[in-house]
Amino acid sequence: MFNQFDVLETIDMIEKEHLDIRTITMGISLLPCIAGTAEETAQKAYDLVCRRAENLVKTAKELSGEYGIPIVNKRVSVTPVSLLCAAFPEKATRVGRALDAAAKTLGIDFLGGYSALVHKSMADYEKTFIHTIPEVLATTERLCASVNVGSTRSGINMDAVSLMGEIFKETAQKTAENDGIGCAKLVVFCNAVEDNPFMAGAFHGVGESHAAINVGISGPGVVWHVLKSIPDADMLETAETIKRTAFKITRAGQLIAREAAKRLNAEFGIVDLSLAPTPARGDSVAHILEELGISTVGGHGTTAALAMLNDAVKKGGVMASSRVGGLSGAFIPVSEDIGMIEAAEKGVLCLDKLEAMTSVCSVGLDMIAIPGDTPASTVSAIIADEAAIGMINNKTTAVRIIPAPGKEVGDSVNFGGLLGRAPVMPVHDTDSSKFIGRGGSIPAPIHSFKN
Amino acid sequence: MRAVVTVTGKDRKGIIAEVSAFLANKGVNVEDISQTILGEYFAMIMLVDVSEATADIATLAREGEEMGKKIGMSIRLQHEDIFNAMHRI
Chain W
1 MFNQFDVLET
11 IDMIEKEHLD
21 IRTITMGISL
31 LPCIAGTAEE
41 TAQKAYDLVC
51 RRAENLVKTA
61 KELSGEYGIP
71 IVNKRVSVTP
81 VSLLCAAFPE
91 KATRVGRALD
101 AAAKTLGIDF
111 LGGYSALVHK
121 SMADYEKTFI
131 HTIPEVLATT
141 ERLCASVNVG
151 STRSGINMDA
161 VSLMGEIFKE
171 TAQKTAENDG
181 IGCAKLVVFC
191 NAVEDNPFMA
201 GAFHGVGESH
211 AAINVGISGP
221 GVVWHVLKSI
231 PDADMLETAE
241 TIKRTAFKIT
251 RAGQLIAREA
261 AKRLNAEFGI
271 VDLSLAPTPA
281 RGDSVAHILE
291 ELGISTVGGH
301 GTTAALAMLN
311 DAVKKGGVMA
321 SSRVGGLSGA
331 FIPVSEDIGM
341 IEAAEKGVLC
351 LDKLEAMTSV
361 CSVGLDMIAI
371 PGDTPASTVS
381 AIIADEAAIG
391 MINNKTTAVR
401 IIPAPGKEVG
411 DSVNFGGLLG
421 RAPVMPVHDT
431 DSSKFIGRGG
441 SIPAPIHSFK
451 N
Chain D
452 MRAVVTVTGK
462 DRKGIIAEVS
472 AFLANKGVNV
482 EDISQTILGE
492 YFAMIMLVDV
502 SEATADIATL
512 AREGEEMGKK
522 IGMSIRLQHE
532 DIFNAMHRI
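Chains as they are written, first to last, in the working numbering: chain W, 1 to 451; chain D, 452 to 540.
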């Protein structure tokens, strides 16, 4: 028989503390869909995604009913589309629209993988493909795009960094009537991972199987509640408590991932141990940091608190799952976390502090709105800084930034739902155009040569 | 296949009888019960076998939830593995 306390603890986590499975993401290899023309490739991709993920939504609903744990999002990630379209990159949008249609048919909210991997250099077909991103994001609803511009092994492709500054600006312009929402579906990575279940940066790497189930768990609310029960604990005890909580949360994720993979005839990929916030009150990573004793997130001590949190989550999670991957850590998306939104509105949380925070936690500058008149070269320079943190620290970093058209500091953008709302944050008005205009690449760091 | 039934709410007479009758009616066999009262708060956990039940776990869970609303209690039925996963190594 189960311990009564344990059973009630699980139920409280689910019912009062927002414990949920944030996403079940099915990674699907579209390499078999490459055909002679864009039209044929698009049709094959649509058919394959619809066939493989046919029962994704249904299965998630069944699992949620059986185990009594909410499964919030059902998603699909696919092979980077630039690879499918190498022979006809100018027509890649056709494949993008077919994938968006597949997402609608399946009833899923996002499909990721309109992606290019250009961390070392950019082939002509990839450059042409990247230029299609603003158009495809403006004319689709559920498609997500990402570009990997650097890695610890290869350095940073500064030509790609420069181009992506322009692509963010163009994407924002093309979706100006919705505050530049296209940029919320576009991520630039350094050290992108091939099994990430979280959007907008999910894609299915070429080293992956025909179909894999990757599960992203969530539980900032659970960690927040448990910390409230030990207000006077020292940091070591706090870390231990977070670790034990992360273990339990991850075990739930592992169970759902294994069972989903079995029922959907796919490989069990990974469990992503991330603490992913939502705009709901009580589901915030910022509030965990504030519970630790920082009066407002972004204040001094935030980076240290986040470093401890991120590490404790990983330690508990690694023990709990046989296969851990994805981004695994604490997410700090400004618009998707009520505590971050409030701290940014107060002016305490600024871009520079967020950048420091990204050096100790998973991912990077995420869902940040900046003034619409920010030059493309400044956006590129922000990307370059973030990529450098990833490259040197052997970790994934990302930038998902919205140069909100027509908006300035003091305004805010509102995307609704999970994407939330964000105050427009100030950027330095210094000029980085000469630095970005140099082009070329930043060489791989010395510690990347491990062979 | 086993599931865990959790019944919580304000204590009153006849809760166990009503819940047991409901489960028997659905072909669910009760294997173990643990129950406590904390102040006015009633909490019962039952380990049940659902292999001969009239419906699958998700359906039983839905029916249990509805039944709970009728008697003013919160009733949940979940596959036992969620608790195995989270609380046993």
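Hint data in this document are derived by calculation from the structure and do not stem from the laboratory.
Fair warning: there could be bad hints in the mix.
To be verified - Here's a subset of chain W near chain D, in silico, CB distances under 8 Å, partners left out: (1) N3; (2) Q4; (3) Y46; (4) D47; (5) L48; (6) K248; (7) R251; (8) A252; (9) Q254; (10) L418; (11) L419.
C-beta: ideal position from N, C-alpha, C; glycine also.
How the hints compare with the structure:
1. N3: Holds: closest Cβ of chain D sits about 7 Å from W:N3, inside 8 Å.
2. Q4: holds, 5 Å
3. Y46: violated, 30 Å
4. D47: violated, 30 Å
5. L48: violated, 29 Å
6. K248: This hint holds: W:K248 lies near chain D, its Cβ roughly 4 Å from the closest one there, short of 8 Å.
7. R251: holds, 4 Å
8. A252: holds, 6 Å
9. Q254: This interface hint holds because 7 Å falls under the 8 Å limit.
10. L418: violated, 24 Å
11. L419: Violated - the Cβ of W:L419 stays beyond 8 Å from chain D, reaching only about 29 Å at its closest.
The structure fails to meet hints 3, 4, 5, 10, 11 from the earlier list, while all remaining hints are met.
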